[in-house]
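Count the sequence shown with the working numbering and you get residues -11 to 421, in order.
Take the hints with a grain of salt, since some may be wrong.
What the hints assert, rightly or not - Within a straight-line C-alpha distance of at most 25 Å, the following computed SDA-like cross-link-like pairs (lysine to any residue) qualify:
(1) LYS296 / ASN409
(2) LYS148 / THR344
(3) LYS0 / VAL89
(4) LYS148 / TYR112
(5) LYS148 / GLN161
(6) LYS326 / TYR149
(7) LYS215 / ASP151
(8) LYS0 / LEU97
(9) LYS215 / LYS326
(10) LYS148 / VAL305
(11) LYS215 / TRP43
(12) LYS0 / ASP151
(13) LYS296 / LYS215
Simulated from the structure, these hints should not be mistaken for laboratory data.
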Amino acid sequence: MSLTTAGRTSWKPLTRIAFRFCLLYFGAICLFIPPIVFVPTGWLGFWLGHDAAYWPVRAVQPVLNWVGQHVFGVSAQLRPNGVGDQTIFWVLLFCVLVVAVAGTAVWSLLDRRRAHYRTLAGWYLLVIRLALAGQLLSYGCAKALAAQMPQPSLTRLLTKYGDFTPMAVLWSQVGMSRPYEIALGAAEIAAAILLFVPRTALLGALLALIDTLQILVLNMTFDVPEKILSAHLLLMSAILLAPEARRLTRVLLLNRATGPGAVPYPFHTTRWRHIAALTQVAFGIWIAAAQIHGGLHAWHTVGPDRPKPPLYGIWSVSQYIRDGQPVPPLTTDETRWKTVVFDYPNMVTYQRMDDTLITVPADVDAATHRIRLIGDSPNTWSTLTFQQPNPDNAVLTGDLDGHRVTLSLDRIDPNRFPQRNTGFHWIQNTPNL
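Using the sequences provided together with the hints, build the complete structure.
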């Protein structure tokens, strides 16, 4: 679809209809999809909080609830948990599509004599370009700082591969190779930077198309719940390239020289073009600073330098005494602990004898050496006291599920796992499987 070419004074009817639909549809998508709303605000997002990105959806939530219930027979409730493929967003997508189709029909009927929308298209493509650049910059900074997919946690090291979800496989795969994750982030950051600069926007859109295609493929094949967003980012990249489709075909496929670009641009004088270019670059710097700040905060939360609990590590329960009686390590015992993991300050994971991993909220007090395991009600809370006579041994004593227990712990070196101790090799005579 070519929006305009040099020398043309009017667009074809199908081009005008397609433009009207794209403006209405993607304008609503950029307004209501939380990540696209949230990212371009830059530092405002951190001042207002993550939940502020959902305010457009909350404003129309009664309508979405009604449509979900009466049209699809489903409950469309908003859960501000960062998951982008919730039922309510699919209902929102349906509503946006219906409104865009109806709006396009009415607009085409009322404005059927207009020859083109070059000025409006210039502003529209500018907004789409900046929104896409902001989202790619968000993705890229998170990966470049190795914060989106961190190194697999200690609990993940104990999880059987067969128990991994497809998304957990992807997150662990990328998280195990920090250079690979950084390279993915660099490609997304490069596309964003090129998109923020008007003269390099075409190259940025090409790179963005490749980046978003990879993101969509990974989301589809590993069941990552961001299929709606990634699909629309891919389409937004295609929209930016659409005005240059004929010229790109001549250069890339036919190897022929071509004339000037055909992308409408709302600024025509040299002075205003320079001002607009500087403004867009400054806008990119604003968003980049906010994303780097957020990425560093995430890195300090999930990275190797994050705060760790006093007994950080994986511990094997060598002896389990309940009410004064030793409990043998039988695989049929559903109450005896086999392993304990202290990875994050506010949670504890224990492994039962059948290898089931249970993670519970916990309050670890380093000053009093107390660990309070928080259950669903005050009656299910358990309090343990820990002692660590040496770095490789610890003892937990206290009340657990209504019983007096003593647990003797032996440290397990996490670097003994192949995911941690298998390094890089230039020479390999056998596959490292």
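Worksheet item: Which earlier hints can't be squared with this structure?
Response: The structure conflicts with hints 4, 9, 12, 13, although it agrees with all the remaining ones.
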